[in-house]
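Trainee: Sequence:
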Amino acid sequence: MFHGWTRLSWTLLGNIPCSDSSSAKARPFSPLSPIPAFKKFSYDTGYSNARASTGKVVLAFGPFLWKEELAEPTRDMVKLAEKALADPDKLVGLVAEALWEEFNGRGPTTGTCWYDDMDTVNKSFRAAKLPPPDKPQDILPALQLTAIMIFTQLWKYPRPVVVLDFHAAFEVGHGLCVVTDGERVLGTGYTGEPEIGKGPD
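Using our numbering, the first residue of the sequence shown is number 89, and each one after it goes up by one.
Bear in mind the hints are in silico, worked out from the structure with no lab data behind them.
Remember, predicted model here, so these are calculated numbers, not experimental data.
Fair warning: there could be bad hints in the mix.
DSSO-like cross-link-like pairs, simulated, lysine-lysine; straight-line CA separation at most 27 Å [unchecked claim]:
no., residue 1, residue 2
1, K171, K244
2, K223, K244
3, K167, K144
4, K178, K127
5, K167, K178
With the sequences and hints as input, model every part of the structure.
Mentor: Now the structure itself:
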């Protein structure tokens with residue numbers, strides 16, 4: 089987990105204490121209750137500490153820059169978390185559609201190795217004993233959601249964002265993160281390296 093981050097201990101987001109100040113030190117929180125929709129991300133890494141998802145993930149709030157600290161989520165961060173988790177099935181679909189577009193070389197890119205490289209993606213699926221994807225939903229068995237992180241901002245993007253962190257069969261070495269505002273995917277990256285996509289929409 090990043091410096092200055094907090095984990096959520098309340099199942100109901102309406103019970104999260106929030107503040108418009110992010111100057112004090114962080115304190116530890118605990119995971120969310122299982123969310124059935126997230127079981128669709130069914131990738132099993134084969135390791136005992138990262139078996140197929142039960143739908144239970146960590147929800148964390150924190151500053152983007154490592155030197156900053158966050159005592160409590162701001163109201164805007166809480167609202168964004170509520171928005172993103174209000175329809176988990178929609179969130180799952182956004183991820184699948186965005187990656188499918190990237191695999192096929194369409195839309196913005198952050199320079200990841202899987203962009204416009206379906207041949208390599210297909211090989212990685214076969215190596216994980218998964219059928220190569222023919223549509224967005226076929227990508228879900230190659231993903232395992234491990235954390236949902238709400239950043240205060242991201243680089244020059246001045247508003248809070250959601251960063252979804254994954255184990256991924258097509259990027260075993262570095263993992264995957266997906267950046268969203270709850271309505272659309274803004275970009276992807278390797279774990280710990282979230283980016284906003286650049287290029288054609």
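Trainee: Straight-line Cα separation of K167 and K144 no greater than 27 Å?
Mentor: 21 Å, holds
Trainee: CA of K167 to CA of K178, is that 27 Å or under?
Mentor: Between K167 and K178 the Cα gap is close to 17 Å, so the pair holds against 27 Å.
Trainee: Straight-line Cα separation of K178 and K127 no greater than 27 Å?
Mentor: 14 Å, holds
Trainee: With a cut-off of 27 Å on the C-alpha distance, tell me whether K223 and K244 pass.
Mentor: Roughly 33 Å separates the two Cα atoms, so the pair is violated.
Trainee: With a cut-off of 27 Å on the C-alpha distance, tell me whether K171 and K244 pass.
Mentor: Holds: K171 and K244 sit about 22 Å apart, inside 27 Å.
Going down the numbered hints, you'll see the structure goes against just number 2.
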